[in-house]
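Next come the chains, spelled out residue by residue.
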Amino acid sequence: MLGEGILKGMAETARNFAGSFVSKERLTTVEYPEERIAPVENARVFPFLVYDTADWEGGLRCVACQICEKECPPKCIYIDKSKDKKPDAIGKPQFYPTRFDIDISVCMSCQICVEVCPFEAIKMDTDFELATDDRFGGLLLDRKQLAKSNEYYHQIHPTEASEVDARLAAEKVKADAKAKATADAAAAKAAAPPAPKPEAAPAPASAPAPKPEGAGD
Amino acid sequence: MIDKMDQLFVLLQHWLVAFLPASLQQAAAVLISVVAIVCLFPALFALTTVLERKGLGRIQNRIGPNRTGPYGILQPVADGIKSLTKEDIVPLSANAPVHFLAPLVLVVAVFMGFAVLPMGRNMVLVDMDAGLLFYFAMGASTEVAVFMAGWSSRNKYSLLGAMRAVAQMISYEVVLLLSSVAVVMIAGSLSLTKIVEAQNHYTYGIPHWYIFTPWGLAGFIMYAIAATAETNRSPFDLPEGESELVAGYHTEYSGFKFALFFLGEYLAMFSISGLGTTLFLGGWSAPFSFLTFIPSWFWFFSKLMLSIFVFIWMRGTLPRLRQDQLMNFAWKFVLPFSLLNLMVTALWRFMGDGWERWVVCSAILIIAYVVMGRFSMLREHFGPRRYRYAE
Chain A
0 MLGEGILKGM AETARNFAGS FVSKERLTTV EYPEERIAPV ENARVFPFLV YDTADWEGGL
60 RCVACQICEK ECPPKCIYID KSKDKKPDAI GKPQFYPTRF DIDISVCMSC QICVEVCPFE
120 AIKMDTDFEL ATDDRFGGLL LDRKQLAKSN EYYHQIHPTE ASEVDARLAA EKVKADAKAK
180 ATADAAAAKA AAPPAPKPEA APAPASAPAP KPEGAGD
Chain B
0 MIDKMDQLFV LLQHWLVAFL PASLQQAAAV LISVVAIVCL FPALFALTTV LERKGLGRIQ
60 NRIGPNRTGP YGILQPVADG IKSLTKEDIV PLSANAPVHF LAPLVLVVAV FMGFAVLPMG
120 RNMVLVDMDA GLLFYFAMGA STEVAVFMAG WSSRNKYSLL GAMRAVAQMI SYEVVLLLSS
180 VAVVMIAGSL SLTKIVEAQN HYTYGIPHWY IFTPWGLAGF IMYAIAATAE TNRSPFDLPE
240 GESELVAGYH TEYSGFKFAL FFLGEYLAMF SISGLGTTLF LGGWSAPFSF LTFIPSWFWF
300 FSKLMLSIFV FIWMRGTLPR LRQDQLMNFA WKFVLPFSLL NLMVTALWRF MGDGWERWVV
360 CSAILIIAYV VMGRFSMLRE HFGPRRYRYA E
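Those protein sequence lines, which keep their order, are chains A and B. Each residue of the first sequence is one higher than the one before, starting from 0 at the first, in numbering that gives the first Met the number 0. Each residue of the second sequence is one higher than the one before, starting from 0 at the first, in numbering that gives the first Met the number 0.
Please keep in mind that the hints were generated in silico from the structure rather than gathered at the bench. Ideal Cβ placement from N, Cα and C applies to all residues, glycine included. Certain hints may be false.
Some chain B residues near chain A, calculated using beta-carbon distances under 10 angstroms [unchecked claim]:
1) 52
2) 54
3) 372
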């Protein structure tokens, strides 16, 4: 019959209208500033830099290899590499970023910087309340603002952070073993023939990192 | 006491007028009524915008605006301040005088319609003998304003929106008139107060409203369809189909001129609901004889708000029609049916008071509805659409 569909539709909307006053699961609105829902674990907004020790500046995992800067599609990362080397969290001398800025007005949250980072140094944050009245300086985050502790990372992405920690530990064990092996070999070599090439032995031992800073040069 | 409540506004007007010298009294009485109408209906408009947004929200399982003031009731104030402080842009190539006049003409023409609506017992600004005719004359002149707006903007979207609006309003104006003519045939008068009086009788406590007769019900449905199209409300809101036309004929309007268009649209909705109430729902008469102690103006505005609620409900339910569907519906379904309804009304008028006329008139209308429905459903333009190129 003509007009039947209209009546059916009107009944449906009437049901919604009345139902939204009585049923809580119909009215799914979360009134944001007063009410909040916890962000889901895979949420991502803008990148941040992970540090391991209590001191943010010394503990940054970033070694200023500049891969992320090069890979960033909208080119919103600005890195200045240090001239000198400083010991990182595990005491190995590394370069460090003297400047690490991300322009979050340009960043498109693509997570490519996170994917390419060989040092697990840059991760995605879930903090989204970044509104500011200064659209140039306020949206250009420097390394102090970007630095967040590993505990914070565990807090916002627990599963991912545990995986990362396990991977880093495994790599450290492997690197230590390799360093030990090369050191042992060098020591054995040094012990057996008196002195063929004494300087060659410590060189590999001093660069045990899985992928050294060659890519950043 | 009951009488006093019923005539509250009339007595208030007399009391105010009595302060003036006799020579000024007549003009002052009219002026007071005009001021009352000009203040009341925009206030109702402000209330309706927020109720509409909240109602549509509830229909879509949302909360709706609730930030400005308690329960968002001050939202229209914020909207008003916003539209008043916005820049008023007139396109360089627009015809400036016409562009300026269009919203004024619209609002004035819509306000004129309220002059003949009886909003309660003795509460009518001008009790014209040909009130209905005056109302439709004023209603038709809103089309001029719409076309002025579309044409003077010198913008293709505005022009297309105005063309659509005019085509649609003229098509449905025919239906609107024909469905009202049925009432005139029975009431025997074009005066809206007389039409209300004719419906203000009760048998066993049930009023003699025209909607409770077969021809009245059919006429009311036709009237409601045509009124929705006349006021450019969903599902007939093609003139401002934002997916195709930006905003239709008021694309080039900003600031307060845009607010005037918005106001005009809602006032047209109020006035056409008021006319529908007057013609079919017994105007200011109470729905049961034992409820006559409640003032007449209360009943008029309750029925008005009920119609507004149905408008909002339909807007929350129905998707927009296509232009050809709109025209087909007007000319091939509603118009023939309202012509048939005129015949049935004539039959009703001349069949006397017995029960036979109820059976005969209802049977004709129901059979015609079913047959026309079946017949037109067979044809392609009413049925489900087949996509030839997508198969």
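To test your reading of the hints: which numbers does this structure violate?
1
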